[in-house]
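Enquirer: Spelled out, the chains give:
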Amino acid sequence: MATQDSDPTAEFRKNQSWLYDSKAGGYVRKTAIGLLTLVIGVFVLFPLYWMVVTAFKTTAEIQQIPPTVFPEDFSLEGFRLVIESSIQAGGYAGLVQNLFGITVTSAIDINLLGLVVSSLKVAVGAGVIAVVLGTGASYVLSRREFRGKNLLMSLLLASLMFPGTAIMVPEWELISWLGLFNTHLALILIYGAMTAPFVVWLMKGFFDDFPDSIIEASRIDQCTPFETFWYVLVPMARNSLIASFIFAFLLAWNELVFALTLLDNSKFTVPPGLLTFVQGFNTQWNVVAAASIIVSIPVLAGLAYIQRYFVQGLTGGAIKG
Amino acid sequence: MSYVDQAQSSYENATKHIPEGVKVYLPILPVMALVGVFILYPIAQAIYSSFFAKSLLRPDQAEFVGVANYVEIWTDPDIHQVLWNTFVWVTVGSLAAIVLGFLMGWLLDEKLPYTSVASAIVLIPWVLPRVVGASIWQFMFGGSQGIVNELLVQMGLIDEYIVMLGSSDLSLWPPIIGMIWRLAPLFALLTLTSLQGIDEHLYEAARMDGATPWEQFRYITIPMMKYNLAIGFLLMLIYNVRNFSMVWVMTKGGPGVSSSTLPVMIYRAAFIDFEVGFASALSVMLFVVLLVFSYYYIQFYDKVQGEM
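Going down the list, the protein sequences come from chains U and E.
The first sequence begins at 27 in the working numbering and counts up by one.
The second sequence begins at 10 in the working numbering and counts up by one.
Think of the hints as simulated: they come from the structure by calculation, not from any bench.
Incorrect hints may appear among the rest.
What the hints assert, rightly or not - Here are some, though not all, of the chain E residues that point toward chain U, as calculated from beta-carbon distances under 10 Å: (1) A42; (2) V46; (3) Y50; (4) I52; (5) V131; (6) V140; (7) S144; (8) V162; (9) G165; (10) P194; (11) L271; (12) F280; (13) A288; (14) V293; (15) S303; (16) I307.
No residue lacks a Cβ here, since even glycine has one placed at the ideal position from N, Cα and C.
Assemble the whole structure, with the sequences as input and the hints as a guide.
Expert: So this is what it looks like as C-alpha cells:
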C-alpha cells in the first residue's frame, strides 16, 4: 500500500488501519494470510495428494488400519495391474507374448485402454461436430441480419439450460427409436448438440469483435464471403476454435449420465467404466487411483492449454454443465 | 482449383435456385437440426410424458392421466426427504463454496509467490473428471480404510471409526463436502478475474480521499464485483441443484433416500422403477427451478457483458 500522497487527512485515515500500516499489523496480517492459505490449500490439495499416494501403495498397504500417510514401499502395482488387465481385456495378451516374451495374466477386470479409446472416439467426434456446425452458424449469426435471428439465439441459449438428468428419459426413448442404443454415435450426437450452442455463442463473440476493416480489405481483394470466411477469419479464429473444441472434448470426456444410461459395459466410456470398477466387490483402490491418474492426464493437459479462455468458457458453458 | 473453391462452387450450384433471403439460414440449419432433435425435442417430450402413466418397459402402453403424476409427487413418501436434501445441498453447498471460493480468489489476488502456478493448481478439482473426483472422496470417507475417520480419531473428535456413507444420519454430508471441494475453485476463479478487472486508479483515488482499507473494500471492491458475484452465486445454485455424479458415485442416494437429491430421484424413478411419467413430472419440476435461476443468470450475464 505504498502511496506518495501528502494529503495530511489521507495520511491520518490511512494510519488508523494498524493492520495495514504498522509493523506489528503487517506480521498479524501475514500470519493470518499464511494460515488461511494453509487451511484452504490442505482442503483443496489433500484429496489430490491422497489419490496420488494411494496409486503408489501396494494392495496390502491399502488395507492397513490406520492408513499410512506416505507409501511405505513405493510400488507401481496399481499401474501394473491397470496396464496388465487392459492388455488382457483388449485381447493383446498374445501380441505382447510374441513381441516381448512376457506372459500377461490379470487378476482384475478393468479394460482402461478400451474405456479410453471409447472416450476418445466420443469426445473427438462431439468436438468436431460442435465446432464445425457451430462455427458456420455463428458467422452468419454475427455478420448478417435476418428474420428470426433473436428467436434462434434464444432457442440456442435455452437449450443450454437443461440438465442432462432431466432429459435422460426422453433421450433414452429417442435413441432407442433411432436404433442408436448402445452406439458411440448416439453419444457423439448428444454431446455435439449439448456443446454446439456454446460454440455458437463463443464464436459469435469472436466474430462480433472482429474488425470490419480486415473483411473490407479482403472484399477489395475480390474475395467472396466464403473465401473471406475460410482464408481470413478461420485462421485468425484459430485459438477460439481450439478452445471451443477442448470445451466440447472435456464435456464429452467427463459426462456420466448419458453414457451410463445409453451404453452397456462393452461400449462404456471412462466415467461409467470407472464407476463400475469403483463399485465392484472389494474395490482395489490403488488400481482405481492409478486409473484415475491416467484418465485425468488428457484433461489437465487440455486445461493447461486453454487456461486463459477458462473464465469465459466456464461461465458461458456453465449453463451447460 | 482449391478445396475451398470447389466447396464454394458446389455450394453455389446446389443452392442456385434458393432465394437469397432463405440462403442465409442454410449455415444455421445443421446446428438447429442437431439441437432441435437431441435437446429441444426431449425437453418437449419430457413435459408431454409427465401427463401420462407410462413404463419404460412398455412405452407403447401410455395412458393419459392428466396431472396425476404431479399429485403423486406430493403424496410420495420419499419426496419430503428428497426436497429437503436438495434444499440443504443448494443452500449449504452453495454458501460454503462461495465463502471458500471468495477467500481462495482473494488469496490468489494477493501478491503471494507462485500465484500463477497456484491458480492453475486450484482449478484441478473443478476440471478433474467428475467420477474421478467423486471416487477420491468416496475412498476418503469410505469404510474401514477411510482416512477421514482416522483423522477424526487423531484429532480426538471421535473414539472409533464410524460408517459415514452407509449411515442414514450422515450420508448426505460427505457428498456435499465433495461438491464444495469441486465448486469452490470455480467461484475462486470468478473472484480472481473480477478482482483483477478492477481499475487500480479507483483505489488510488479512494486513498487520496482518505478511505480506509475496509471502506475501499466496501465501496469499491464489492460494488465493482457485484454482477460477477451474482453470476457466481447463481452458478453455484444451478450446479448444486443439478448435481448427480457426486451423490451417485459416493452413496447412490442411499441408504434409503437419505442422501438422494432431485436428479437422483429422477434417475431412480426412471431407470430403477421404470416409471417414465412420474420421472418426467419430477423433471418438469427441476426445469422450473432451473428456469428461474437461469433467467436471473442471463440477466446478470448481459449486464456484466455490457459493462466489460
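Enquirer: Are the hints correct? Go through all of them and say.
Expert: Status of each hint after checking the structure:
The criterion of a C-beta within 10 Å of any C-beta in chain U is met by A42(E), whose closest approach is roughly 9 Å, and the hint holds. Given the 10 Å rule on beta carbons, the hint for V46(E) holds: about 7 Å separates it from the nearest Cβ of chain U. With a least beta-carbon distance of about 7 Å to chain U, the hint placing Y50(E) at the interface is held under the 10 Å criterion. With its C-beta approaching chain U no nearer than about 6 Å, I52(E) sits inside the 10 Å limit, and its interface hint holds.
With its C-beta approaching chain U no nearer than about 6 Å, V131(E) sits inside the 10 Å limit, and its interface hint holds. The closest approach between the C-beta of V140(E) and any C-beta of chain U is roughly 4 Å, which is under the 10 Å cut-off, so the hint is satisfied. Interface restraint check: S144(E) against chain U, minimum CB-CB distance 5 Å, threshold 10 Å, status holds. Because the beta carbon of V162(E) sits about 8 Å from the nearest beta carbon in chain U, less than 10 Å, this interface hint is met.
With a cut of 10 Å, the hint placing G165(E) at the interface with chain U is violated, because the nearest CB-to-CB distance is about 14 Å. At its closest, the beta carbon of P194(E) sits 7 Å from a beta carbon of chain U; the interface hint therefore holds under the 10 Å criterion. A cut of 10 Å between beta carbons decides the hint on L271(E): the least distance to chain U is about 8 Å, and the hint holds. The restraint placing F280(E) at the interface with chain U holds, with a minimum CB-CB distance near 6 Å, inside the 10 Å limit.
Using the Cβ-Cβ criterion of 10 Å, the hint placing A288(E) at the interface with chain U is satisfied: the shortest such distance is roughly 5 Å. At a threshold of 10 Å, the smallest CB-CB gap from V293(E) to chain U is about 8 Å, leaving the interface hint in force. A cut of 10 Å between beta carbons decides the hint on S303(E): the least distance to chain U is about 5 Å, and the hint holds. Evaluation of the I307(E) hint against chain U yields a held restraint, the C-beta minimum of about 7 Å falling below 10 Å.
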